[in-house]
Amino acid sequence: MVSFEADTPEINDAIDTGAFGAFLRQLCKNRLGTLGGVLVVLIAAIAVLAPLIVTHDPIQIMVGPRLAAPSLDFLLGTDQLGRDTFSRVIMGGRIPLLVAFASLGGALAVGVVLGLIAGFGPRWLDNLLLLIFDTIRSFPSIIFALAIIALLGPSLVNIILVIAITCMPGYARVARTQAQALQSSEYIAAERSMGAGTTRILAVHVLPNVIGPLVILVSMDVPAVIATSAGLSFLGMGVRPPTPDWGAILNDGYSYINQTPWIVIAGGIPIILATLGFTFLGEALRDMFDPKLRKDL
Amino acid sequence: MNYYQDGVSRRTFLKTTSVFGGGIVAAGMPLSSAIWAAEGKVLTAASTNDISKMDPQFYTAVSEVSVMECLYSKLTRFKPGSEWGWELEAAEKLEQVDPTHIRFRLKKGIKFTGDYGELTAGDVKFSFERGIKHKSPVKDNWGSLDHVEIEDDYTGVIVLKTPFMPLFNIAFPYAVGHIVSEDAVMKATKDGGDFGMNPPSFSGPYVLAEYKPNQHLLLTRNPDWAGSKPGFDEIRVVLIGDTKTAERAYQAGDIDFTGITLDSLAKFKSNPPADTKIEEHPSLNYHWIGMNVDHPKLKDINVRKAIQWAINVPQILEAAFAGQAEVATGTIPPGLLGHRDKALVPPEGDLAKAKEFLEKAGVSELNLTIDCLNESLFSTIAQTVQAQLSQIGITVEINAQDAGSFWTLGMESEGDRWKDMQLTVMWFSNLPDPYYATSSFLQSRVGVWNWERFRSERFDELSAKGATMSDPNERAKVYQEMQDLMEESGAYRFLTHGGNPVMYRTTHTQAVTRPDGYPLYVDFKAV
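Residue numbers (the UniProt record's numbering), protein chains in the order written: chain A, 1 to 297; chain B, 1 to 527.
What the hints contain is simulated information worked out from the structure, not anything from laboratory work.
Yeah, the Cβ is synthetic: ideal placement off N, Cα and C, and Gly gets one too.
Do not take every clue at face value.
To list a few chain B residues with every Cβ distance to chain A over 12 Å, as calculated [what the hints assert, rightly or not]:
{"no.": "1", "residue": "Val-97"}
{"no.": "2", "residue": "Glu-149"}
{"no.": "3", "residue": "Lys-187"}
{"no.": "4", "residue": "Asp-191"}
{"no.": "5", "residue": "Lys-229"}
{"no.": "6", "residue": "Glu-247"}
{"no.": "7", "residue": "Ile-260"}
{"no.": "8", "residue": "Ala-266"}
{"no.": "9", "residue": "Lys-267"}
{"no.": "10", "residue": "Val-327"}
{"no.": "11", "residue": "Glu-457"}
{"no.": "12", "residue": "Glu-461"}
{"no.": "13", "residue": "Ser-470"}
{"no.": "14", "residue": "Glu-474"}
Label pairs and their in silico Cβ distance ranges [stated by the list, open to error]:
{"no.": "15", "chain 1": "A", "residue 1": "Pro-70", "chain 2": "B", "residue 2": "Lys-419", "range": "56 to 64 Å"}
{"no.": "16", "chain 1": "B", "residue 1": "Gln-391", "chain 2": "A", "residue 2": "Leu-152", "range": "26 to 34 Å"}
{"no.": "17", "chain 1": "B", "residue 1": "Ala-266", "chain 2": "A", "residue 2": "Leu-42", "range": "18 to 26 Å"}
{"no.": "18", "chain 1": "B", "residue 1": "Gly-253", "chain 2": "A", "residue 2": "Pro-261", "range": "46 to 54 Å"}
{"no.": "19", "chain 1": "B", "residue 1": "Gly-393", "chain 2": "A", "residue 2": "Gly-212", "range": "45 to 53 Å"}
{"no.": "20", "chain 1": "A", "residue 1": "Pro-261", "chain 2": "B", "residue 2": "Glu-279", "range": "53 to 61 Å"}
{"no.": "21", "chain 1": "A", "residue 1": "Ser-138", "chain 2": "B", "residue 2": "Gln-391", "range": "26 to 34 Å"}
{"no.": "22", "chain 1": "B", "residue 1": "Lys-355", "chain 2": "A", "residue 2": "Leu-146", "range": "34 to 42 Å"}
{"no.": "23", "chain 1": "A", "residue 1": "Ser-138", "chain 2": "B", "residue 2": "Ala-266", "range": "44 to 52 Å"}
My request is simple: use the sequences and hints to build the entire structure.
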């Protein structure tokens, strides 16, 4: 049983006193944040350990009767091809998490670099990059994703690429704003006077100050990316069959909802839990690290 | 249900037309015998196939023809009900003068909208000849049509180069038989070519008031229509790509008529939505797995044969049709002339034999793609094939595509995508004549509808022969051999003819369909 009374002495004692321990202690003070953290860890653990958890080969057809109700053999029933839904749901969590971390990681890396260049670069370069960021941001992300995937074809790489492209301008703009604010600060001026180059200033002094708010932003984007990934799969624009994926399971379930509601339930609940988990965790992180929202850190 | 077993032999036709021609009373009813329908009645029906053409000579799908029947007149029409047959529509009389000449006399008073005047023999000539002149992808529906001679405003003679038996079953009462206004089309297109989704004039009980791609078509009553009043003031045809989605829409009360999947049939029969009638109709459609013989990976017939033998058809039917559909032996369904009792490759296939063919081809591992429509039925078929082929070491990647993209995949006129096409999950609609079920696979249709790019001189020769034969037994043998040739090429694995169950709201309409379940909206009655 997970206790949400996070500031109890037992929990505090169990937590290491280092920076990570301080972080966990602070997180545990936020009930929803704790719930989010637990859900995220649970989902991540299931995704990592999925091959050990599944009860059947998730892509093997006709392992059971088609559209069967849950039973001891098939914990969440079977789909229209007689595949075990439980095993597909367990393995299906890997795709949205991979999409979320790969695309947001990529977007963050590129966004930070471009944002810092825009913030510290000459005015014309700043204007040019801003124009590019705003152009990308002006497209509705889901329409942009559908158009690009229709053009390039559905694949995991293309989904990651599309999501990374649509998320990157947001991070770049934040990095740019932060970099510009720091550019005129005294300690940067001091560094310059001591002969430090722009690259060193950006890497050693600006980047550490920029990355914190961006990580919070990224954590807040994870649920949206999971939903987008599932949405694209639901529309048949995601990973290709027979790869299990929550969105694809939902799509299969929707088609056969008259025969059995179990597939929709099995595909839908993990999406809800994952998005809730990351949302709660992201909000808790924001509350902890945003000075305006922080109460007692 | 009995199909129109032996098509129309010349003798049968002459007998039939003499009945019609002698004293056409019912079919030639005065156009003033109007029956006013209830006012303000709206029919909302789902079309689960894409609609992208309203030009009869360039139609691409049966769903388009169901709408065209509301918009244009044609010489004859399929009789509604459970048995295939035809009756006169715009023609007052239709007489086969000899095997290559057919005289028609039009009813008077059928008007085109937009002040384009009365429907005349000139419009018939223009309509029938333009598909051939403009090299329509479906010009084969006209077979050996040479030209139409005009005798007077209402009378003309259709002249064939050689006898063409299917004319009465596939050309006159179906899509290409619809008559358009020569003046209106020439004004709209300059050269009389394809007018796509912009019909310039109408001669049926309805007009096309609105078309929103991928959304709906709105038909409203034709104010110039002098014939029997149609059942509804408006017909809304909602374009819903997936039949299962259409089922949801019906349950939600959004539509009054839809086809349903065989997969859902048992559920709906045991627990039907309120005020709903469910009808089951045998389908003439045919589904198959096609292989592009021109693709380097599939050039070797042994590879194709390996795929044929690795595909277990009953397993596919169990997965995709809930075991409710019968195995097909070819393109011609049971009950139609030319149906084969069994296919050359047994339905269950044989993995050992499939592996032998693969070894003979010197292929151990093979990666292929399979293209299919992005609908649950076709996706399920593709996934089952994917699993089955993996058993002989063939890895298959599935490309599910929207209808607009899928249905142009193998067409050379639409780009070079056909070059990359390998396996496809295909289906075609069908009509009660074996010519229709085989003519898409002629050499002249390669890169049009013959996506397998199957080429056989013998097949073409038999097709030409079969179209002119009047002896049903001899004709049947010809079409059976044609299907043998298709299967021997290794380019086809026939799956099923499926089924066409439909449901409709009895508090709103009395649906009327062809024997194979396709709606005749024009005959729907308001309740």
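Tested hints:
no. : hint                              : result
1   : Val-97                            : holds, 53 Å
2   : Glu-149                           : holds, 49 Å
3   : Lys-187                           : holds, 36 Å
4   : Asp-191                           : holds, 33 Å
5   : Lys-229                           : holds, 37 Å
6   : Glu-247                           : violated, 7 Å
7   : Ile-260                           : violated, 10 Å
8   : Ala-266                           : violated, 9 Å
9   : Lys-267                           : violated, 5 Å
10  : Val-327                           : holds, 17 Å
11  : Glu-457                           : holds, 37 Å
12  : Glu-461                           : holds, 41 Å
13  : Ser-470                           : holds, 46 Å
14  : Glu-474                           : holds, 44 Å
15  : A:Pro-70 - B:Lys-419: 56 to 64 Å  : violated, 47 Å
16  : B:Gln-391 - A:Leu-152: 26 to 34 Å : holds, 31 Å
17  : B:Ala-266 - A:Leu-42: 18 to 26 Å  : violated, 39 Å
18  : B:Gly-253 - A:Pro-261: 46 to 54 Å : violated, 20 Å
19  : B:Gly-393 - A:Gly-212: 45 to 53 Å : holds, 52 Å
20  : A:Pro-261 - B:Glu-279: 53 to 61 Å : violated, 27 Å
21  : A:Ser-138 - B:Gln-391: 26 to 34 Å : violated, 49 Å
22  : B:Lys-355 - A:Leu-146: 34 to 42 Å : holds, 41 Å
23  : A:Ser-138 - B:Ala-266: 44 to 52 Å : holds, 50 Å
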